[in-house]
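Engineer: Model the placement of chain L on the given structure of chain B, informed by the hints.
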Amino acid sequence: MIRSTARGLDTRLRIAPVVREALNHVFPDHWSFMLGEIALYSFVILVASGLFLAMFYNGSAAQVVYHGSYHPLDGVKMSAAYQSLLNLSFDVPAGLLMRQMHHWAADIFIAAIVVHQARIFFTAAYRRPREINWVVGMTLLLLALANGYFGYSMCGDLLSGAGLRIGYAILLSLPVIGPWMTFIFLGGTVPADTVIPRLYAWHIFLVPMLLGVLLVVHLAIIWRQYHTNFPGPGRSQTSIVGARLWPSYTLKSIGLFLLLLGILAALGGLVQIDPVWIYGPYDPVSIIPGAQPDWYLGWIEGAMRLFPGVNLHLGSYLIPEVFFPAVLFPGLLIVVLYLYPFLEKAFTRDHGSYNVLRIPSQYPFNTALGCAVFSCLILLEFAGADDVLVMASSGSVVALRLLFRVLFFVVPIAVGVVVYTLCWLARRKHAEAHLLAEGAPQPR
Amino acid sequence: MSEEGGQKGSWLWAGGVLAWKLARSLARPVARVLMGRRIQPIGEIKRVGEAARPGRVSDAVMLGLEATALTQALRDTFEEIHGPEAEETSERENDRNLDAERGVNVEKREKWGTALVVFWLALAFAGGIAFLFTYWTGGNNLILGSMLGVFFGCFGIALVVWSHSLVPHTEATEPRAPLAAPTPKFQSAMGDFTRGYHQIQRRNLLKWASVAGAGMVAAVFISFLRSMGRSPEASLYTRVWKQGQRLMKFDGTPVTVDALQPGSTMIVFPEGSEDTETAQTVLLRVRPELLRLPASRSTWAPGGYLAYSRVCTHAGCSVGMYERTSHLLMCPCHQSTFDVLIGAQPTGGPAARALPQLPLYADDRGFLRAGGGFTEPPGPGFWGMP
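Listed in order, the protein sequences are those of chains B and L.
So the first sequence is numbered by the working numbering: it starts at 29 and just counts up by one.
So the second sequence is numbered by the working numbering: it starts at 1269 and just counts up by one.
For reference, chain B alone in the conformation it holds in the complex (with noise of 0.2 Å):
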């Protein structure tokens, strides 16, 4: 059967030498490259979860009043988006749980392709020939970071609605075009009745398309190149070292496909995540306090509560506060990210291509560097929930922010410098043992 299908389709496709060169493709084997795998597989499972949502979920911001299964919001007015979700939640079967593990996918979606960026960076994998694979990862974070964002956004609850109107104030902050863009792609002040329309285009198309694109982009490339090696007995900058795809990579892929899917209905059914129920409809004159964005933006907005309230007037026109931490501060890490291997380049004068990966603490500098913005970025991950953690305990939130705008500054250096030793003195080590090791007699 299979034999006859095979031979049917190669008569006409000629596809033996495509697939036998597919099952003999080498992967290598270590843990660490399976990060990729893992958002992958939760973008699949995202596109798919996704589908589901969309054919319950109503993108208008007309509003209606609720008289639906969910009784602490009878009579309640609200957004036919919101009221579609309220339906989505409790009365349609397995409703909850796919809107539940979606939100969970898009979790771990973006925090795998943060440690899979992560592994990259510190292994200097982005050298040529990949520097073109990093500048499409790196805009492959950019839009799960959007999506995520509009994806949330577009629930018509209270909370989406706080993040809405501060997502506005950023958009609106750009110098110049500020607010011609603003009224462009919103259609108005938030919340405009266009937004949660518009939200719901690019969130279900405009960016999945874009991303699947530049995944299969992505997945090309890494086929064409070959995986990297880590350094070890022979591995060379000319071979590959690994597994063949077929079949013990599939079946091992297979699996970690299903299992991930496993998590995400069990984080899905027992793990709450984005309650709008509890969180009630969006109303301008409400807000809820201690209200966060997803932690993937939480460093924005820690980095919006640090920054003194400055205004930067230009003869009549205005830079507003909003704008440096908001979008100078991010625009300047992104960018600084998207010419690293070619600045890396520029400084070490280094442009030979390699296979085989830097272990991080043979290059200290790059070492430190990442953890020194790691940290930096946790550090305003915990700045933006300052007012949660001044509730926890009895602090001032005045207090604490002077902390957190001291520690801005002192951690990213104080753990650069550390790494950067604790990165050289391992290197010393390593070269002397291999120093010893040549030196030494050798067994015969």
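In short, the hints are calculated from the structure, not lab data.
Treat the numbers as computed from the prediction; the structure is a model and nothing was measured.
All residues carry an ideal CB built from backbone N, CA and C; glycine is no exception.
Accuracy of the hints is not assured; some may be wrong.
Facing chain B, a subset of chain L residues (Cβ under 10 Å, in silico) [stated by the list, open to error]:
hint, residue
1, Ser1278
2, Ala1282
3, Asn1373
The following label-pair restraints were derived from C-beta to C-beta distances [stated by the list, open to error]:
hint, chain 1, residue 1, chain 2, residue 2, range
4, L, Ala1480, B, His58, 47 to 55 Å
5, B, Gly337, L, Arg1444, 50 to 58 Å
6, B, Gly359, L, Gly1652, 18 to 26 Å
7, L, Gly1371, B, Ser421, 22 to 30 Å
8, L, Pro1452, B, Leu342, 53 to 61 Å
9, L, Lys1276, B, Ala34, 30 to 38 Å
10, B, Asp119, L, Ala1368, 54 to 62 Å
11, B, Leu464, L, Thr1382, 17 to 25 Å
12, B, Asp311, L, Arg1565, 53 to 61 Å
13, B, Pro45, L, Arg1444, 16 to 24 Å
14, B, Leu298, L, Ala1448, 37 to 45 Å
15, L, Pro1452, B, Gly359, 39 to 47 Å
16, L, Leu1280, B, Ala34, 43 to 51 Å
17, L, Ser1594, B, Phe258, 32 to 40 Å
Structural biologist: Structure of chain L alone, referenced to chain B:
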């Protein structure tokens, strides 16, 4: 005679058929070689396709037949050039067998592996049954999720165990082919491109015309963005309130001078535009002797009533909290604080600009009214904000 003639005829007939078959079988390789040598497949196909031959086998079939013959001919030619297809050796022959190197007891591993895989698959199956049962009987989300989790999770574990214990552990090492194409290949590709490029690019005029055309395409597409939004002018620069407008509560009743005690607040809207985002205004009352408003605003707080925009100047949240002892309005989003006694100037947090103030006066019937618009357009800052 006739019989003999008949026999002779049938011999002739048989001979003719034989000759025809022989000739055809001889002609085929000759034709094959000829066709293969001067490759004109497109011409051949076109000729057949063009000629309408009514009453014969349909053109499509003829085309198909000839194309098959052609493919065969091309394949044969390929073989003539490259030699007969060699038996391909498996790339896997040189793979390292890690199990053998590490001295793993494969038999034992497979025995245990099989048992484990069956165990996990059985668990997955049970989870699946439990899920279906819960789903069809309208069970709750907790059970649905956990059972689906058990199903997929155990299925996944089963496959991972399968891959680990029932598939030989091998390690392949292959040389990486250089990514760059050999220089001649690159040169010829580049050469073909350049040749084509020179074929199209003849006149400067055409070049500029096509650039203009591309620019026009971009202009048309970008223009469509205009449909997406209105001009920001009117809504960004509005000061919302008009001179003499009454302050209205949520329920649409006007606010009178005895509405609040010192230390309390309420949300008010301009008469006629209740419950809108930018119009929301916080009305509060303090003891008049505490006020330290700028001299130009000294008459704006009749009876200690103060009104400020309720939209934070930092990031646009509703400034929803008031601390009566320190007379601070606070935004719950980023904890900016504004001192209401000095015109809602920011005193802490990330906000840089004061909340726009609304001048108030009480009319002779005791209604609070706006003495004009907000001092600035309400809401977060933007380029061109006055």
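Engineer: Next, verify each hint and record whether it holds.
Structural biologist: Status of each hint after checking the structure:
Annotation: Ser1278 of chain L was flagged as interfacial toward chain B, and the flag is violated, the nearest CB pair being 41 Å apart, outside 10 Å. Interface hint at Ala1282 of chain L: violated, since its Cβ lies 37 Å from the closest Cβ of chain B, which is beyond the 10 Å cut-off. Annotation: Asn1373 of chain L was flagged as interfacial toward chain B, and the flag is violated, the nearest CB pair being 19 Å apart, outside 10 Å. The hint said 47 to 55 Å for the Cβ distance between Ala1480 of chain L and His58 of chain B, and at roughly 54 Å that hint holds.
One distance hint, 50 to 58 Å for the beta-carbon pair Gly337 of chain B and Arg1444 of chain L, holds here, with the actual separation near 56 Å. For the pair Gly359 of chain B and Gly1652 of chain L, the supplied restraint of 18 to 26 Å holds, since their beta-carbon distance comes to about 21 Å. In this structure the hint that Gly1371 of chain L and Ser421 of chain B lie 22 to 30 Å apart at CB is violated, the actual value being about 58 Å. Between Pro1452 of chain L and Leu342 of chain B the beta carbons are some 57 Å apart, a value that agrees with the proposed interval 53 to 61 Å.
At about 54 Å, the beta-carbon gap between Lys1276 of chain L and Ala34 of chain B misses the expected band of 30 to 38 Å. The given range of 54 to 62 Å is respected by Asp119 of chain B and Ala1368 of chain L, whose C-beta atoms sit roughly 60 Å from each other. Judged by the Cβ atoms, the range 17 to 25 Å given for Leu464 of chain B and Thr1382 of chain L is violated: they are separated by roughly 47 Å. A C-beta distance of roughly 31 Å is found between Asp311 of chain B and Arg1565 of chain L, which places it outside the suggested range of 53 to 61 Å.
Our hint of 16 to 24 Å for Pro45 of chain B and Arg1444 of chain L holds, since their Cβ atoms are close to 19 Å apart. Distance hint check for Leu298 of chain B and Ala1448 of chain L: the Cβ-Cβ separation is about 52 Å, which falls outside the suggested range of 37 to 45 Å. Restraint check, Pro1452 of chain L to Gly359 of chain B: a C-beta distance of roughly 45 Å satisfies the suggested window 39 to 47 Å. The hint said 43 to 51 Å for the Cβ distance between Leu1280 of chain L and Ala34 of chain B, and at roughly 49 Å that hint holds.
Between Ser1594 of chain L and Phe258 of chain B the CB atoms are about 59 Å apart, so this pair departs from the stated range of 32 to 40 Å.
The structure shown violates the earlier hints numbered 1, 2, 3, 7, 9, 11, 12, 14, 17.
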